[in-house]
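*Asks:* Using the sequences plus the hints, can you model the full thing?
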Amino acid sequence: MIRVRLLLTAGLLMSTSPAWAQQGDADTAEVAVNGNVAPLCVLGSPSPAAVDLGQMVATSGTRIGRIAVLPNHVVNLPGSFCNFAGSAIDISVSALIASDASTLQPGFARAVNYTASIDNWSSTTTSATSAATKEGGSPTATATGDTQPLPKIADLAATLSNFTVPSDLLLVAGSYQGMVVITLGPAAGGGS
Amino acid sequence: MKTYLQLALVMLGGWGAATPALAQSDSDTKQFTVIGTVPALCAGGTIAGANATFDLGVLVDTSTGFLRTDLAAPAKTITGSFCSIRSTIRVEATPMTAQTFTAVPPSGFSRTVDYTATASGWTTTPARYATEEAIHTDATQSRATAFTGDITVALSQFSTGGGTALRLVSDPSYSGTVTVTLTAAD
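Chains A and B supply the protein sequences, listed in that same order. Numbering-wise, the working numbering comes out as the position in the first sequence, counting from 1, plus 1173. Numbering-wise, the working numbering comes out as the position in the second sequence, counting from 1, plus 1427.
Think of the hints as simulated: they come from the structure by calculation, not from any bench. The reader is advised that the hints may include incorrect statements.
Simulated coverage check for chain B against chain A, where a stretch passes if three residues somewhere in it have a Cβ under 8 Å from a Cβ of chain A [to be verified]:
no., region
1, 1537 to 1546
2, 1600 to 1608
Covered stretches of chain A (chain B as the covering partner; in silico rule of three or more C-beta atoms under 8 Å from a C-beta of chain B) [stated by the list, open to error]:
no., region
3, 1216 to 1224
4, 1230 to 1241
5, 1275 to 1282
6, 1347 to 1361
Note that CB positions come from ideal geometry on N, CA and C, so glycine has one too.
*Replies:* Structure representation (structure tokens):
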């Protein structure tokens, strides 16, 4: 009686074996999962959103009426990145021009030139210096930096410096405005 | 059915990822303005030459005691003046008066010399101030633009205070003052 039971048990074991073999052969499928990442460059919002140089001329002394020594100003563009290799930065700087559009008098200028530079994208500093005429003509200068060979993220810092007036002339009174435009994108002849 | 669902998820995921790519691109541009101001400003400049004194010498004809008719002094030039906006120039003058003889002069005598001061170069019409006149309509002149240039201050039309019939009292020093004022007309 005991032997029979054992045999029955073995029979049960044998009967399970075909079931395993059948499941392993049943089905196998592969589903491909594809995706892509678009090339992106994103610049952080400028902080501060505008640079106010305040009063720009000396109001006493031998340089009265001429441009004072103005400190550098830094604008941050935090978290700026390009997710691909081969990007470059482009800086366009426009001189500050007086809002007063009346005929410029001899001895005066209505433009303040300056340099905008960014040194933490590629291995070399990218800088552009405006060269407006005393009347405010040709106020914009541009520069393109070296290629950044790797995807990169950085808190870009644009430094404004070297504020000068054509021929160091007297500045006409009024409000002045200029602009800096920064572009981050594929380097010419490379990149994405 | 299961496979179908999986594909649908992949497609949705694909669309979801594609949307930011459409909004962004492989380049980005940000800009900021740079502003500043220059105040309305005038500077008086400096007077060229050794000093700021018109020296007329002896004022009277020593044979008559009357004021000389040929009094003259070289004009003074003020350099380095400017206004960074439209402006006015005003000239004011005080008669030359005897500095030691300060009492009321006796009959027939005077202790003042009147004259006319002009400041030219700044405006088309020179600013003019005659010390003997009560009203000085020409003393202030306006210009509509910023300017920098020399201002020439000249004296002329000397006359004896009180009338040409009077003689001047003797005094080692007769003195008056000419003041030129530039004002920014903001």
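*Asks:* Can you confirm whether chain B covers the region 1275 to 1282 of chain A, using C-beta to C-beta distances below 8 Å and requiring at least three such residues?
*Replies:* holds (count 6)
*Asks:* According to a criterion of three or more residues whose C-beta lies within less than 8 Å of a C-beta of chain B, is the region 1347 to 1361 of chain A covered?
*Replies:* That given contact holds, which follows from 13 residues of the region 1347 to 1361 of chain A lying within Cβ reach (below 8 Å) of chain B.
*Asks:* Mind checking, does the region 1600 to 1608 of chain B have 3 or more residues with a CB under 8 Å from chain A?
*Replies:* violated (count 0)
*Asks:* Counting residues of the region 1537 to 1546 of chain B whose CB is closer than 8 Å to a CB in chain A, do you get three or more?
*Replies:* violated (count 0)
*Asks:* Count the residues of the region 1230 to 1241 of chain A with a beta-carbon closer than 8 Å to any beta-carbon of chain B: does the count reach three?
*Replies:* holds (count 4)
*Asks:* Report holds or violated for chain B covering the region 1216 to 1224 of chain A, Cβ cut-off 8 Å, minimum 3 residues.
*Replies:* Coverage by chain B holds for the region 1216 to 1224 of chain A (8 residues, Cβ < 8 Å).
Checked against the numbered hints given earlier, the structure breaks hints 1, 2 and satisfies all the rest.
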